[in-house]
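Colleague: Given next are the chains, with one letter for each unit.
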Amino acid sequence: AQSVTQLDSQVPVFEEAPVELRCNYSSSVSVYLFWYVQYPNQGLQLLLKYLSGSTLVESINGFEAEFNKSQTSFHLRKPSVHISDTAEYFCAVRPNTGFQKLVFGTGTRLLVSP
Amino acid sequence: SQTIHQWPATLVQPVGSPLSLECTVEGTSNPNLYWYRQAAGRGLQLLFYSVGIGQISSEVPQNLSASRPQDRQFILSSKKLLLSDSGFYLCAWTTSGSYNEQFFGPGTRLTVL
Chain A
1 AQSVTQLDSQ VPVFEEAPVE LRCNYSSSVS VYLFWYVQYP NQGLQLLLKY LSGSTLVESI
61 NGFEAEFNKS QTSFHLRKPS VHISDTAEYF CAVRPNTGFQ KLVFGTGTRL LVSP
Chain B
115 SQTIHQWPAT LVQPVGSPLS LECTVEGTSN PNLYWYRQAA GRGLQLLFYS VGIGQISSEV
175 PQNLSASRPQ DRQFILSSKK LLLSDSGFYL CAWTTSGSYN EQFFGPGTRL TVL
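Going down the list, the sequences are from chains A and B.
Just so we're aligned: the first sequence equals residues 1 to 114 in our numbering.
Just so we're aligned: the second sequence equals residues 115 to 227 in our numbering.
Do not take every clue at face value.
Said to hold, decoys possible - No more than 30 Å apart at the CA atoms, straight line, and that leaves these computed lysine-lysine pairs for BS3-like: (1) B/K194 to A/K49; (2) A/K49 to A/K101; (3) A/K49 to A/K69; (4) B/K194 to A/K101; (5) A/K101 to A/K69.
Keep in mind the hints are simulated off the structure, nothing from the lab.
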């Protein structure tokens, strides 16, 4: 079975500051990793994913995440946040073979203030 | 292009009343379908998933049930709602076969009073 830990339930930052949202996972098999973003009262949208290859993956809006197998982590970072980045961010994992379900973390609420 | 619909968007129901939430997907065939519940501070909990018509897998014991009467329709039901059923319900789909990302619907906010 897999599990995901997002230790920070809420991260407040000022606009244009850097941010890191932490995600650690546990799995006995190789996994795919994902970050989803949820804006208030909306569904989830895929932000970025790691399936294979380069361990550093990037999104179109400036976020990046790095897969670290030895530390079982997939932290999300952005060098300079905007007010519009205020949302809840979910890390998720699933085994990389067969039909398997996504396992989500409990989410981190990013609050960007002016 | 594919789209996913959920209705109603919001719902307020008394304890003990029945429930029916509907999810439909357009623009794809034979999708895998999922129901999640999101409770405050608890992330997303997978409730049910379906790989085909009439095929339902339940993840957690509860007073909810799911049905898939048509290929692109997924229904979440309850005969008698509990206070603890309140939450944000999300439907999601993926293409069948090899894995692809899950696409989520806009969600239904359910409040049980």
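Colleague: Check whether the Cα positions of B/K194 and A/K49 lie no farther apart than 30 Å.
Modeller: violated (39 Å)
Colleague: Given the proposed pairing of A/K49 with A/K69, does the C-alpha separation stay at or below 30 Å?
Modeller: holds (15 Å)
Colleague: Is A/K49 close enough to A/K101, meaning Cα to Cα at most 30 Å?
Modeller: Holds. A/K49 to A/K101 sits at ~15 Å (cutoff 30 Å).
Colleague: CA of A/K101 to CA of A/K69, is that 30 Å or under?
Modeller: It holds: about 20 Å lies between the C-alpha atoms, which stays within 30 Å.
Colleague: Does the alpha-carbon distance linking B/K194 and A/K101 stay inside the 30 Å limit?
Modeller: holds (28 Å)
Of the hints listed earlier, the one the structure fails to meet is number 1.
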